[in-house]
Amino acid sequence: MSTRRQAGPSARARLHRFDLKGAPYLYVTPFFALFGVFGLLPLAYTALLSTTAWSPRQPGSEDASVGLGNYADLLSDTNFHTALVNTFGIGLLSTVPQLLLALGIAHLLNYRLRGRLFFRMGVLVPYITSIAAAALIFNQIFARDFGLLNWLLQPFTGGTPIDWRASTLASWFAVSVMVTWHWTGYNALIYLAAMQTIPYELYESAAIDGASRWRQFWHITIPSLRPTIIFTVIVSTIGALQLFAEPYLFDTTQNNNGGSERQFQTAVLYLYQQFWANGRYGYGAAIAWTLFLITVVIALVNFLLARRIRSAE
Amino acid sequence: MTITQSPPEPVVRGDRPAPVRRRTRGAGRAGWLTYSALAAVVLFSVFPLYWSIVVSSRDQSAIGRYPPPLVPGGNLWDNLAAAFEQGNFGTALTNSVIVAGTITVSVVFTSTLAGFAFAKLDFRGRNGLFTLVVATMLVPPQLSIIPLYIMVTQWFGWANDLRGVIVPTLVSAFGVFFMRQYLTSAIPGELIEAGRADGASTFRIYRSIVLPIARPGAAVLGLLTFIMYWNDLFWPLILLNAQNPTVQVAIANTASGIEVDYSLVLAGTVIATFPMLIVFLLLGRHIIGGIMQGAVKG
Chain A
1 MSTRRQAGPS ARARLHRFDL KGAPYLYVTP FFALFGVFGL LPLAYTALLS
51 TTAWSPRQPG SEDASVGLGN YADLLSDTNF HTALVNTFGI GLLSTVPQLL
101 LALGIAHLLN YRLRGRLFFR MGVLVPYITS IAAAALIFNQ IFARDFGLLN
151 WLLQPFTGGT PIDWRASTLA SWFAVSVMVT WHWTGYNALI YLAAMQTIPY
201 ELYESAAIDG ASRWRQFWHI TIPSLRPTII FTVIVSTIGA LQLFAEPYLF
251 DTTQNNNGGS ERQFQTAVLY LYQQFWANGR YGYGAAIAWT LFLITVVIAL
301 VNFLLARRIR SAE
Chain B
1 MTITQSPPEP VVRGDRPAPV RRRTRGAGRA GWLTYSALAA VVLFSVFPLY
51 WSIVVSSRDQ SAIGRYPPPL VPGGNLWDNL AAAFEQGNFG TALTNSVIVA
101 GTITVSVVFT STLAGFAFAK LDFRGRNGLF TLVVATMLVP PQLSIIPLYI
151 MVTQWFGWAN DLRGVIVPTL VSAFGVFFMR QYLTSAIPGE LIEAGRADGA
201 STFRIYRSIV LPIARPGAAV LGLLTFIMYW NDLFWPLILL NAQNPTVQVA
251 IANTASGIEV DYSLVLAGTV IATFPMLIVF LLLGRHIIGG IMQGAVKG
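As they're listed, the protein sequences go chains A and B. Using the working numbering, you'd call the opening residue of the first sequence number 1 and step up by one each time. Using the working numbering, you'd call the opening residue of the second sequence number 1 and step up by one each time.
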């Protein structure tokens with residue numbers, strides 16, 4: 001564009017230099033401008049908000065500074081503690097089986113298969129299904145009265161249906177099943193991609209040394225996959241901390257309590273409840289910022305652990 | 001992060017795996033045990049969708065008894081029509097197409113542009129800025145929800161307005177990352193230098209050299225983005241009311257209440273799910289390729 005303009009040689013050279021130096025910044029500007037306004041600014045604003053008692057139901061509360069009062073309240077807010085425990089519990093119950101299953105499935109997909117595309121597409125169907133739709137389908141499956149699972153379990157439960165929403169453990173299990181169903185195939189494909197970069201000679205020489213398939217899996221496949229595994233652990237952990245749609249929809253009254261005793265109310269569901277149902281902007285912001293800090297700490301721990309493992313080798 | 005340090009892998013395109021490559025693939029040929037295990041996995045993956053068809057093709061009384069029906073009945077169209085009416089799915093589908101479509105176009109455009117700069121142009125602060133992009137991917141957007149709501153509704157006046165759903169998500173850090181990885185390996189550096197030697201401006205190079213090569217990667221990014229925002233619930237749920245929903249908000253709304261009519265609720269999920277399933281059936285190969293490609297770099 002600029003080169004076509006008729007200008008003196010020096011002006012043209014200047015244009016050219018500007019093009020070389022300036023164009024890259026121009027190209028990354030749309031991303032950073034929008035990210036700045038809708039990503040960074042709200043994050044900073046959350047921190048600011050969290051020091052106020054702002055509620056749209058109380059005019060003028062916008063400027064009512066409470067310092068770190070909201071955070072102090074969080075420390076003694078047993079509902080928040082319950083929500084954190086639920087989040088970690090469900091997170092553990094969903095992340096661990098999900099990644100282990102994904103490893104196994106990836107291993108199977110890595111064999112030479114007929115109908116490779118069929119199997120890969122099959123395991124990815126849950127990922128294409130929206131979380132909301134999946135949660136609603138599983139709601140029927142986990143229904144106390146006339147749910148599909150309780151029908152299958154009849155021979156074992158002696159006719160007393162399990163109320164999957166009533167107890168802590170049962171509800172954690174049900175929500176974890178939804179999460180696991182949605183993400184396992186996706187993670188399997190990520191592991192599969194990494195497995196395919198492992199040179200076959202490694203397996204060959206191991207086989208010559210008499211290592212069994214199982215030993216090959218443990219001593220070649222898993223170590224080669226370590227960076228990928230760490231990556232998926234970080235991503236799944238962060239995802240688990242954000243869990244919202246499944247527990248929100250699992251209670252069909254959608255009253256945001258996550259069960260009568262808040263047994264499956266997650267942290268983000270609690271944040272949503274404080275913000276949306278109770279109109280507590282300041283308090284909600286304090287929850288959000290606390291969750292953000294927890295996320296950063298967990299990501300850092302993951303990262304440092306990964307580094308430690310690598311340097312130990 | 002491990003992501004940035006891994007060397008760029010060659011882009012795997014359809015025709016590349018030569019016979020030699022096939023022999024380097026994983027463990028040997030699959031036995032019947034492998035096939036049965038995989039078949040079981042696929043069955044588990046697909047069953048809930050099958051179940052949604054069974055339930056939504058029955059009337060409520062058939063669902064509310066044991067033993068439950070295990071094959072589809074004859075009420076599918078009636079239930080779909082009823083759910084469509086009650087759940088405002090006409091508006092919802094239109095809204096979802098607009099929202100996911102606009103976001104996709106914008107994400108693909110901005111990501112290709114920024115990805116090109118990060119992959120192929122030299123500039124001061126490039127590595128620092130790219131690290132920022134990667135770090136951004138780890139910041140969960142849910143946590144900024146309150147200020148975002150204040151900004152969108154009070155500053156811009158977009159309560160219950162599709163613009164409020166669209167504008168905050170017009171760019172994606174994942175998109176920039178994805179396009180950068182793709183373009184790094186897809187475009188030979190000599191091609192850019194040759195363009196420069198011919199006196200082409202950076203934009204000219206972008207338009208005539210980079211864009212044609214970027215197209216397959218951009219298409220996959222577009223698919224992944226469209227699916228992601230078609231399926232998004234949290235932010236539209238906050239911003240949009242029941243009269244003006246996206247499909248995910250619509251199905252969430254049909255499911256609330258003490259007494260839930262599952263045949264209608266699951267008819268709603270069928271309406272919300274099947275457009276994406278059709279896309280997946282037609283383009284699944286590319287979606288899988290995109291996920292696996294992004295992963296090898298990860």
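Be a bit skeptical, because a hint or two may be false.
Claimed, not checked - Derived list of chain A stretches under chain B, where covered just means 3 residues or more per stretch with a C-beta under 8 Å from a C-beta of chain B: (1) 18 to 31; (2) 67 to 75; (3) 229 to 241.
What the hints contain is simulated information worked out from the structure, not anything from laboratory work. Keep in mind it's a predicted model, so treat the numbers as computed, not measured. Backbone N, C-alpha and C fix where the C-beta goes; we use that ideal spot for every residue, glycine too.
We went through each hint and held it up to the structure:
{"no.": "1", "hint": "18 to 31", "verdict": "holds (count 10)"}
{"no.": "2", "hint": "67 to 75", "verdict": "violated (count 0)"}
{"no.": "3", "hint": "229 to 241", "verdict": "holds (count 5)"}
Comparing the model with each earlier hint shows a violation of hint 2 alone; every other hint is respected.
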